[in-house]
Amino acid sequence: MKTMSVMEAIREAMSIRMREDPNVLLFGEDVGKFGGCFGVSAGMFDEFGPERVRDTPISEGAIIGAATGSAATGLRPIAEIMMDDFITVAMDQLVNNAAFMHYMFGGKIELPMVVRTVNGAGVNAAAQHSKSMEAWLTHVPGLKVVYPSTPQDCLGLLLASIDDNNPVVFFEHKIAYGEKGEVSSFDPIPLGKGDIKKEGSDVTIIAYGYQVFRALKAAEQLEKEGISAEVLDPRTLYPLDKDLIAESVGKTHNVVITSEEFKRGSYAGEISAFVAEEMFDSLDAPCRRVCALNTPVPFSAVLENAFIPQTEDIVNAVKAQRE
Amino acid sequence: MKTMSVMEAIREAMSIRMREDPNVLLFGEDVGKFGGCFGVSAGMFDEFGPERVRDTPISEGAIIGAATGSAATGLRPIAEIMMDDFITVAMDQLVNNAAFMHYMFGGKIELPMVVRTVNGAGVNAAAQHSKSMEAWLTHVPGLKVVYPSTPQDCLGLLLASIDDNNPVVFFEHKIAYGEKGEVSSFDPIPLGKGDIKKEGSDVTIIAYGYQVFRALKAAEQLEKEGISAEVLDPRTLYPLDKDLIAESVGKTHNVVITSEEFKRGSYAGEISAFVAEEMFDSLDAPCRRVCALNTPVPFSAVLENAFIPQTEDIVNAVKAQRE
Amino acid sequence: MDVTKEQMRHMYRTMVRIRKFESNAQNDFANGKIPGFLHLYLGEEAIATGVCENLNKDDFITSTHRGHGHIIAKGGDMKYMMAELYGKSTGYCKGKGGSMHIADRDLGILGANGIVGAGQDIAVGAGLSCKYRKTQQVCACFFGDGSTNQGTFHEALNMASIWKLPVIFVCENNHFGISMSQSRHQAIKDIADRAAAYGIPGVAVDGNDAMAVYEAANEAIARARKGQGPTLIECKTWRWRGHFEGDPAIYKDPKEQEEWVAREPVKRFREFLEENGVMTADEMDKVDAEVDQEIKDAVQFAEESPLPKPEDVGKDVYTDFDEEVRVR
Amino acid sequence: MDVTKEQMRHMYRTMVRIRKFESNAQNDFANGKIPGFLHLYLGEEAIATGVCENLNKDDFITSTHRGHGHIIAKGGDMKYMMAELYGKSTGYCKGKGGSMHIADRDLGILGANGIVGAGQDIAVGAGLSCKYRKTQQVCACFFGDGSTNQGTFHEALNMASIWKLPVIFVCENNHFGISMSQSRHQAIKDIADRAAAYGIPGVAVDGNDAMAVYEAANEAIARARKGQGPTLIECKTWRWRGHFEGDPAIYKDPKEQEEWVAREPVKRFREFLEENGVMTADEMDKVDAEVDQEIKDAVQFAEESPLPKPEDVGKDVYTDFDEEVRVR
Ligand SMILES: Cc1ncc(C[n+]2csc(CCOP(=O)(O)OP(=O)(O)O)c2C)c(N)n1
Ligand SMILES: Cc1ncc(C[n+]2csc(CCOP(=O)(O)OP(=O)(O)O)c2C)c(N)n1
Ligand SMILES: [Mg+2]
Ligand SMILES: [Mg+2]
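Chains as they are written, first to last, in our numbering: chain A, 1 to 323; chain B, 324 to 646; chain C, 647 to 974; chain D, 975 to 1302.
Chain A on its own, in the form it takes in the complex (with noise of 0.2 Å):
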């Protein structure tokens, strides 16, 4: 057992596949000396050398197009996106090949890469370094999609990530690199499990990457106010971990869905609809979807709080869903 927090944990998976198989190399802007953006691959140039911790000029294209054209060819590679953000740059060697070429291709090549990228606001970053657009990539065929919360779930998540023999989009959120938390297995876990986190018996909250801590805290105070609220989390957005949600649901018969994303086509939408297409008859009242806001990420705190979906957002709707 170990205490770690979510950036160590994520450099710790990278690292141990790093040391036991020679063919995973990690690449993007600044990944190298520098330590990444964030610190996330701090000290890993200095173990692994410039070959494996390799610095990319400012191509983002380029980067997805490499990770793609060594993944078909005996690598396995972890590129980095400084940002999602910027992953706008590199949709098209993202999803119109890496994402389609197993099917293209007739399943004869096989991509087994990560693409790992930084989401979320919180630090008055504004519009174009705070976007959370995981929609964007559950919606492509191809991909799988994996947005963890905890230390413990970034490690073994990435770890299974790295394995997998599929185009991997991993999420990491700005704010959640400082979370700390027990880490005591080092194994994989398997894409398209979820996880509760807190369990309940009047709502279930669905919550993945940072809305998990938010989520946590609003069943605390949910919990003082008489509510008894599941915290669920999907931990891996696609494949989605259905029959996880259906028993929680089969219990609760309530369900609030939080993400950070713009409302307006979320995921967490996409999860609200299965709901109410496949569990019509459980639930008890209409889900209730608690998103970021239908603008663009604005600069000032005051502003960009109003954006965020906070942890007493969740408490609210928990709350109006029961009136």
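Read the hints as simulated data drawn from the structure, not as lab findings. In this text the structure is predicted, and so the values were computed from the model without any measurement. Among the clues, some could well be false.
[Claimed, not checked] With the Cβ distance kept under 8 Å, some of the chain B side facing chain D (calculated, not the full set):
#1 ALA395
#2 ASN419
#3 PRO464
#4 ASN488
#5 ALA569
[To be verified] Computed spacing ranges between beta-carbons, pair by pair:
#6 B:PHE603 - D:GLU1298: 15 to 25 Å
#7 D:GLU1285 - A:LYS319: 16 to 26 Å
#8 B:THR326 - C:ASN677: 30 to 40 Å
#9 B:GLY430 - D:PRO1228: 43 to 53 Å
Positions of the beta carbon are idealized from the N, C-alpha and C atoms, including for glycine.
Model the placement of chains B, C and D with the ligands on the given structure of chain A, informed by the hints.
Same frame as chain A, but now just chains B, C and D with the ligands:
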């Protein structure tokens, strides 16, 4: 009153505004003498000349960037992206810049620009030339998204899109180009107003783009079996005509949504979620989505037909919902 | 140059295989047997041939929407290609990819590609893999003149250059991107000049001369295998047909077309081989006949092959599970 | 060169305004008054100054994440800039944009930009607009060395070149993209050499010499106004600080840093002005004092300005309606 094809209506709308306003121009790959990959701008080069109907190099990023920069400085550009599939290449320009600028700059720059692009499967063009990615765009604050069906709607909504002072993404479906219809008005149709394409009382089929034609056929078939289906075409995906949907659902109490998108994370899912979240008590049964499969678009006709949400799939969904 | 007679004979066969495959595809498309978009390589055969003659089986190539020639030159099996064009389950991609997505991992063919410019940075990845694993492999990357205005071209050449990757960038300058002539889509004459922006060698060659292409590729590949990094080779050629079948190509100058067709690569290579005593006309005719038979067999294979089953649509999205399929 | 003494005096003021604005921002950031990412222009003042001195009010610029200098040089009002950095409702963007998104349409400032490479093709659009509307306007496009490896650089220069647009591409080569030195991110020495790939002029100048920059820009802008198309100007300079405030920049060579700081642009320009009898030391000190006051006033304005109201978060997404706001 005039009979026109969808393609002619789109061409007509562009030509009307270009005749009236010298600041409206069209650019994109092969839109000039060649008349566009599908022939949409055929003849316009001859009428308006090379400055106003302008061939670009194969540089989608620069096309959208040029639209953004020229819209910010006095023009009203219409930029054509040959296929929706290639918008991946220009997502950064479209999202991080065009969509967000008005907001990031505190409302001080307006971007009257239209991005026209072409969606849709059905011509054996496989994974990279057949997608329907409207969900990506509807997720983005700052964009308006239009996806009309009939010639009349294409004409009126393209006029309104050109007149709009926000970036508008205007979807066309490659199979729909040949669809003919009566055009009686040459006035703009306001963005955000849906239309009932066929009245009915038992179920609301929400359909847009080419799916409207499939939905109408389905409704006809259902009629024969004694089921009265209303076909609601939102026409504009964002802003969405929620009032019209609420009105229709209030009458029929059943909703089937159809689009040609990958089902997971589709805009159809957003509509499903919103209906279930906001009109829960009006619903007799859970909403159903009739979308494409969650696979890349396959090449071979047998497979592509299985991929596409067909008329009979809509019929089956409506019937299954009533069981 | 160290080219052997055997190689030259092989090159002749390759060129004829491409020519005849494409002519057959042209007919099959006209007859409605091949659906979708079809981009033919007619007139450009010398390029794929000259480059790929230098490659080993375990070397890699990336290709384009106009990919049949590259695939054939890299050793692709016409039977599976034809079956794929026909949308049959025995095709290279089980009918899922079609003309624009043929790939063969075993032959190092990383796929035709429907996205203009996409192959460039996939090639960088393949080059990275070769260099990182310290094999002697290289990757040849084919792309058109039009694609050199995509950002991917720029990013890929820069990245390959700083990492000294064993990638050979082969620009097939057929003077058009769909309807837009090179003189309109860029303000330079020789695309090879763009190499200077990345500090790498750039050479322009007659793309209708198989030996000239072979030679340039030979040098570039030798450099690459020695760890000296990438080269940009521009092969000047001409697209005989419209952009895709169905395009009447009214934007072409008939005189230019005529001049280029007069410089046609297969006939030129025949003359070269005869003049240099490498092959006699009879020997070449024999090759032609063999290739005719190969095409016939491929067509028969494709025609007799079964269509995919609709329920297979959900397979091959992922390596480890199938997607749900709609039941009708 | 036709530069007047009045212009040179104005340039001095501009450089000092930038220098002092940035030094103040550095302190304010350290004191926690400015949140978010802050990228300072210290050491690069001569570039924005030399270029913008040639521009008219109705000319356009596009900028970068390191944009304060460009905005000041184009005439931006420090009060609104400061208020924006502080996240106040009176800022240029009402507190919605912050340091990376300051814009002023009335001054032709099409925005700082947090996306590396994004300004390049926005500038193409502005250039297209100038040319299409047949005004004599031009657009100056500022960007860093690191951004010249983005695809946008390539696409933009190509498009501007074939359309002969009045765009001046100004590369601020401060020798780093975050931690990656130019010598590692590209295999060429002079970025100006990339101009040849587009058939346009490329010149490299000492970016710490305001007059050299002025001169190069003057010529390029004259060309542009005459309809002769774009120019690429590379200005060699040095980023004094880390990439953003908080980056200790351990990857920099202290000796190089020292050499570059010794060639610092403001002091050099002072010496130049004195030597050439344009301004006396006293006159310049007076300017310095005036700018100090301007900064003070701007800080006071920013400090006294109200924060945005939370309910304003839903405004300005669209021109014609507000987005829904959550009620807490
Ligand atoms: C990103 C992207 N943009 C546009 C297209 C449409 N398109 C297909 S081929 C082509 C022209 C390519 O020209 P070139 O690179 O010269 O190759 P050629 O067809 O001449 O072999 C275009 C524009 C595409 N497939 N992908
Ligand atoms: C598309 C994109 N990729 C990466 C980043 C992160 N980033 C911000 S500034 C920067 C370095 C830019 O270097 P350069 O262009 O030389 O400008 P400088 O900072 O030196 O002025 C990077 C990588 C970004 N903002 N946008
Ligand atoms: Mg070409
Ligand atoms: Mg720099």
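Assuming the hint says 16 to 26 Å, is it satisfied by the Cβ distance from GLU1285 (chain D) to LYS319 (chain A) or not? With a Cβ separation near 22 Å, GLU1285 (chain D) and LYS319 (chain A) satisfy 16 to 26 Å, so the hint holds.
Does the Cβ-Cβ separation between PHE603 (chain B) and GLU1298 (chain D) fall within 15 to 25 Å? 19 Å, holds
For the hint on ALA395 (chain B), does the least C-beta distance to chain D fall short of 8 Å? 6 Å, holds
Does the interface hint hold: is ALA569 (chain B) within less than 8 Å of chain D, judged Cβ to Cβ? Status violated, d = 16 Å.
Grab the minimum C-beta distance from ASN419 (chain B) to chain D and call the hint holds if it beats 8 Å, violated otherwise. 5 Å, holds
Close enough to count: is the Cβ of ASN488 (chain B) nearer than 8 Å to one in chain D? Where the cut-off is 8 Å and the nearest Cβ of chain D is about 5 Å from ASN488 (chain B), the hint holds.
Take a look at whether the Cβ-Cβ distance between GLY430 (chain B) and PRO1228 (chain D) falls inside 43 to 53 Å. At roughly 45 Å between Cβ atoms, PRO1228 (chain D) and GLY430 (chain B) fall inside 43 to 53 Å, so the hint holds.
Given PRO464 (chain B) as an interface hint, is its Cβ closer than 8 Å to any Cβ of chain D? PRO464 (chain B) check passes; min Cβ-Cβ to chain D is 5 Å, inside 8 Å.
Cβ-Cβ distance between THR326 (chain B) and ASN677 (chain C): within 30 to 40 Å? With a Cβ separation near 33 Å, THR326 (chain B) and ASN677 (chain C) satisfy 30 to 40 Å, so the hint holds.
Of the numbered hints stated above, the single one contradicted by the structure is hint 5.
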